[in-house]
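Numbering (my numbering), first residue to last: 17 to 193.
FYI, nobody ran anything at the bench for these hints, they're computed from the structure. Since the model is a prediction, treat every value here as computed from it, not as a measurement. Heads up, the beta-carbon is just placed ideally off N, CA and C, and yes, glycines get one too. No incorrect hints appear here.
Here are the simulated distance ranges between beta carbons: (1) S106 with R53: 28 to 38 Å; (2) A57 with H125: 36 to 46 Å; (3) L110 with D73: 19 to 29 Å; (4) P174 with Q95: 31 to 41 Å; (5) L110 with N30: 17 to 27 Å; (6) C56 with Q95: 31 to 41 Å; (7) R21 with E98: 11 to 21 Å.
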Amino acid sequence: MSVLRPMDKLPDLNGATILLVGTEDALLQQLAESMLRNDCASDLRVHLTNSLPLSSDVSRPRIDLIVFVINLHSKYSLQKVEESLNHVDSRFFLGKVCFLVTGAGRESHCSIHRNTAVKLAHTYRSPLLFCDLEVESFRATMAQRLVRMLQICAGHVPGVSALNLMSLLRSPPSKEL
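Turn these sequences into a full structure, and let the hints guide you.
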């Protein structure tokens, strides 16, 4: 079983790489394109995959941030994310992983309850973001946010670490869980 480790590659001096993991190919592609349109001081690279593990390609850059995308309209989406989590080293969960939930706007069509995603993020102590990726303006705003998070996770923002950022983004513990 191949496990993705945060320090298995050397950092790129001016590069930042984000890995979007999810089954919604078209939405992920649109999000990636929105991210690449952002003004970024770093050399921004966006990699997309339906699931982990990744191939052990020597030329693959170091991954600075992993975003697991869950579509509330697809149980398959949640299943693939849960399976992929087994291929991520625990050190990634120290500020270099977040969950992005889409499809919450049309709650009557959801096959996964929002609390399932909340519990998953809580279990892995990672931030949970909600965004309807089908709406261009929301997608553009989320792309900006992810680019900023990526720059911090790659170490390109002085005075802010990935662990500090993710602890600020994490929801406070609730007693309902």
